[in-house]
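Novice: So you can see what is in the structure, the chains are spelled out below.
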Amino acid sequence: MPQGEDELVEHAGNGNNAAFEKLYYLYEKPLFRFVVYLSGQQYLAEELFQETWLRAAKHFRNKKQVSSFKSWLFTIAVNLYRDELRKSKIRRFFLGDEEPEPRFQNNFTDFEIRDELNEAIQSLSEKQRTVFILFYVEGMKISEVSQIVGRTEGTIKATLHQTIKKLRKELKEFKNG
Amino acid sequence: MVERKNIKCVDVQKEIISLNPLTKAVETHLQLCAKCRRFKDEFQSIQTTLSQVEIKITPTLSSNTLSSALSILKNGKRLTLVERLKNYWHSPKFAFGLAALFLVGFSCILVVALLTHQGNASNKFIIYVLITIFVQNLIMAFFIPLFFNQSNLKTPGHHNI
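Keeping their order, the protein sequence lines are chains P and A.
The numbering of the first sequence is the numbering used here, which starts it at 5 and goes up by one.
The numbering of the second sequence is the numbering used here, which starts it at 26 and goes up by one.
Treat the hints as calculated values from the structure; they're not laboratory data.
Model, not experiment: these values are computed from the prediction.
Among the clues, some could well be false.
As the list claims (entries may be wrong) - Quick look at which bits of chain A chain P covers, simulated, 3 or more residues with Cβ under 8 Å:
no., segment
1, 70-78
2, 86-95
Stated by the list, open to error - Here are the simulated DSBU-like cross-link-like pairs (lysine-lysine), alpha carbons at most 30 Å apart as the crow flies:
no., chain 1, residue 1, chain 2, residue 2
3, P, K145, A, K65
4, A, K99, P, K68
5, A, K33, P, K74
Glycine residues also receive a C-beta, built at the ideal position from the N, C-alpha and C atoms.
The task is simple: from the sequences and hints, build the whole structure.
Specialist: In structure tokens, the structure reads:
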């Protein structure tokens, strides 16, 4: 039975269900946490979570291999989220303003994200939010974040700095009412 | 812009948020610069809040996603209708099942009670409405999982029951 992550990925790539299942349980929680923070919406987070794993399974089904599973998995989620944002823009353009989806703190009673911080995170741009979550919540290295987002490491560092400044500003505004 | 020991505030703040161990120069700067100390405190407060957050994934979502993914890995396609239906009525739905059973029982009692007094036209009407609603709900409950993919189901039971 394979043990290391690389071995698991290799076995999953050869259609081994047990290896895929182990990978799933290894990254299930981090991926879900990531999409929840990223989308801030209950249904969308679940859609992204499911679709990411289904894409991963399809990839392995086609006997393709990946070098860094975690980065690759999160890249799928980021791309799916960007697609969803694009579709949402098109829908808004043709159908007018849509009713915004409820934020997860209203529905996910199990979640205890402080409203203020959550609101502040959701006020960030898609790029800032992705970089912030990957680095501070998921604990990824700058190089990994850079790979997922498709920007240089210098850009990632600059984005992080802008993001923290913006978060501080937002949180101060909340405090001051 | 404050400068302490040749390090600019902006560089100190970048060092703080990079999560690297602080250098001697940065620590010296922090001792002298109130603005950067405040920045560090606020940044640590954000980090603390983030570390305290616990996001749970529901067992239903977890098992449905895994079984669908394994089905793709094995057969190259998503779950069959029967398999999807089987997953839909997994044990986390127990509470939902009990509630449904209670409603069915309650409706039956109501229908029987009304049937005993069915001479009244309004009672007859209520019976027909109740039976229609009951049958409609029964059809919906069994056929929705067949026609829609699990990922598109938006029922409350899909999440936390």
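Novice: Are the Cα positions of K33/A and K74/P separated by 30 Å at most?
Specialist: The given pair, whose Cα atoms are some 36 Å apart, is violated under the 30 Å limit.
Novice: How does the segment 86-95 of chain A fare against chain P when you require at least three residues with a CB closer than 8 Å, holds or violated?
Specialist: Contact hint for the segment 86-95 of chain A vs chain P: holds, 8 residues under 8 Å.
Novice: Mind taking a look at whether chain P covers the segment 70-78 of chain A? Criterion is 3 or more residues with CB to CB distance under 8 Å.
Specialist: Result for this restraint: holds, n = 6.
Novice: Mind checking the alpha carbons of K145/P and K65/A for me, to see if they're no more than 30 Å apart?
Specialist: Holds, at roughly 20 Å.
Novice: Would the pair K99/A and K68/P pass a check requiring their Cα atoms to be no farther apart than 30 Å?
Specialist: holds, 14 Å
The structure does not agree with numbered hint 5 stated previously, though it agrees with all others.
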